[in-house]
Amino acid sequence: MTITHDLLVWFSKSFGLFYLIGLSLIVLAYAYWPANQKPFEHAANAILDDDDKPYRG
Amino acid sequence: MIGELTKSERQGALLILLALAVTGLAMAVGGSNDPLGTHGTLVMVVAIVGTFAVITGYYAPEPPESRLDSYYDTPTKFGIVAAMVWAVIAMAVGDWVAWLLAFPEWTFDAAWASFGRLRPVHTSGVIFGFGGNALIATSFYVMQRTSRARLPDQLSPWFVLFGYNLFCVIAATGYLMGVTQSKEYAEPEWYADIWLVIVWVTYFVLYLRTLNRRKEPHIYVSNWYYMAFILVVAMLHIVNNLAVPISWGSAKSYSLFAGVQDAMTEWWYGHNAVAFFLTSGFLGMMYYYMPKRAGRPIYSYRMSIISFWGITFFYMWAGSHHLHYTALPQWVQSLGMTFSVMLLVPSWVSAGNALMTLNGAWHKVRDDAVLRFMMVAAVFYGLSTFEGSFMAIRPVNALSHYTDWTVGHVHAGALGWVAMITFGAIYASVPWLWKRDGMYSAKLVEAHFWLSLAGTIIYVFAMWNSGIIQGLMWRTYNESGTLAYSFVDSLIAMHPYYIARAIGGVFFLLGAIIGFYNIWMTIRTASQAQSQAEPDYSAVGIEIPAVQPGR
Chain A
19 MTITHDLLVW FSKSFGLFYL IGLSLIVLAY AYWPANQKPF EHAANAILDD
69 DDKPYRG
Chain B
1230 MIGELTKSER QGALLILLAL AVTGLAMAVG GSNDPLGTHG TLVMVVAIVG
1280 TFAVITGYYA PEPPESRLDS YYDTPTKFGI VAAMVWAVIA MAVGDWVAWL
1330 LAFPEWTFDA AWASFGRLRP VHTSGVIFGF GGNALIATSF YVMQRTSRAR
1380 LPDQLSPWFV LFGYNLFCVI AATGYLMGVT QSKEYAEPEW YADIWLVIVW
1430 VTYFVLYLRT LNRRKEPHIY VSNWYYMAFI LVVAMLHIVN NLAVPISWGS
1480 AKSYSLFAGV QDAMTEWWYG HNAVAFFLTS GFLGMMYYYM PKRAGRPIYS
1530 YRMSIISFWG ITFFYMWAGS HHLHYTALPQ WVQSLGMTFS VMLLVPSWVS
1580 AGNALMTLNG AWHKVRDDAV LRFMMVAAVF YGLSTFEGSF MAIRPVNALS
1630 HYTDWTVGHV HAGALGWVAM ITFGAIYASV PWLWKRDGMY SAKLVEAHFW
1680 LSLAGTIIYV FAMWNSGIIQ GLMWRTYNES GTLAYSFVDS LIAMHPYYIA
1730 RAIGGVFFLL GAIIGFYNIW MTIRTASQAQ SQAEPDYSAV GIEIPAVQPG
1780 R
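Which chain is which? The protein sequence lines are A and B, in order.
Numbering of the first sequence is given in the working numbering, commencing with residue 19 and proceeding in unit increments.
Numbering of the second sequence is given in the working numbering, commencing with residue 1230 and proceeding in unit increments.
These are computed hints drawn from the structure, not numbers from a lab.
Treat the numbers as computed from the prediction; the structure is a model and nothing was measured.
There is no bait here: all hints are sound.
Okay, derived cross-link-like pairs now, DMTMM-like style, lysine to aspartate or glutamate, Cα gap no bigger than 20 Å in a straight line: (1) B:1444 / A:69; (2) B:1521 / A:59; (3) B:1444 / B:1382; (4) A:71 / B:1233; (5) B:1444 / A:70; (6) A:56 / B:1445.
A partial selection of chain A residues facing chain B, derived with a Cβ cut-off under 10 Å: (7) 27; (8) 42; (9) 46; (10) 49; (11) 54; (12) 58; (13) 62; (14) 66; (15) 73.
Virtual Cβ for every residue (Gly too), placed ideally from N, Cα, C.
Could you build all of it, start to finish, from the sequences and the hints given here?
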């Protein structure tokens, strides 16, 4: 099977389109998912903590 | 340094150095009539010197168990100093080639001093030598702190750093001997490329191993950016450098690709090198050091994630804008143009997120030159990503391509964004790493800041003027329908701008030299309490109210 120009254009206009839309939705859902807000907030603030030692459990 | 390695790590180091020495010997013998032989000798000498260093420290006592109570920062310290050494060398060479463009007769009739050989020494030196060492050093620092985990061992970070710098030295010395595969930003030949793959995979595995030991449930966003940098650069490097050497004893190789496919592969590599080497990695740096220095969390953590995925998935498709109006199919050009324009969204989200983080801390930006470096970096990031999206539009590119406008754009990004954020991150980490109250001299940090800013602005304005004049002269026709200006006419018009650019470069270089001196003196000076040095309030901590700029 040879890859023709038309085939590539069809592929990018169908699969490529939905792949990018799907990906955007997944990323948005992840970023705005209510249960994720707490870990995000913790992560954003945790780097300001000045305890300069690794955790040893 | 050897004292920090455990017994088995010392043995591991000896084995690696032995293997390296044998490889160097094979290269030296196999390529005795070729630059490959010179590089083989270089590799062998480096390996033998390294072996002696390890043997000298071999019977030193093993590091105590208590080392696990602190982060392993010696590699970061080495990386920062290496980055500054490369900065001074490569920026000096950059300014040298800038003067060469204004006065081409200054080549001393020597092959190694020609523009074509010196220019990649500059580009590789600043991108890989300065930028790469800074990225590796800060990534070690950031991944340990954000994971609250020490590096898993003491040997692999040194392998990554020494191996990487060996690659940079082989690259730069090769260019001077005329060794190049003539792919922009991927000039080193096959043997150097293979070595970099080994080093880079070790780096990636080291990152994963550290993250795997993390005590924070969520992986902080800086690590995502650093990981994207490491993973994608590996991918780009391997594909773009697929080549067949003409023999095992020769430095020369031929690429697997030819014609327009070769061009597309190269610019898929080239533009993603801008994306993942010069953007993603440095955004990782910014998302850690800027909030840390400002004492405020990122304005929107959510936005940092959304723009991460935007940048990661859009940039992949943007490379073809380097090949507008070429043999590349029109639709591939349009694809690259469209994605380049869309890239403006995640880019400006990142730049806006950075500036909004500083909103409420502007007094700190005013008083603290280190934070100001980071703020100006975010502004230039916003400016140059806007400019990049604009220049990728085909009709705009018709004017800008092959002119100095491109050079101006690259330097707005490289000087204004990459170098500024790096200097900011380095000035922030040096006192933290060497346990000093602040930098040796806050005044010198100020001087460095203003020299950098002045140099960047002179450089970029010179090239904008030069590039647009060039572009217009090349497309001006007279009444009979032929070109109004010859190429030499445009060269004469460029001359004053080339001198201005070289002067801008002197400013930037001076700043880097001052920075190197200041960092060196900070390392050498014992803690402020014991020395006579003037107290340095601005860099002490985040909450100290500064009296005046420069203090």
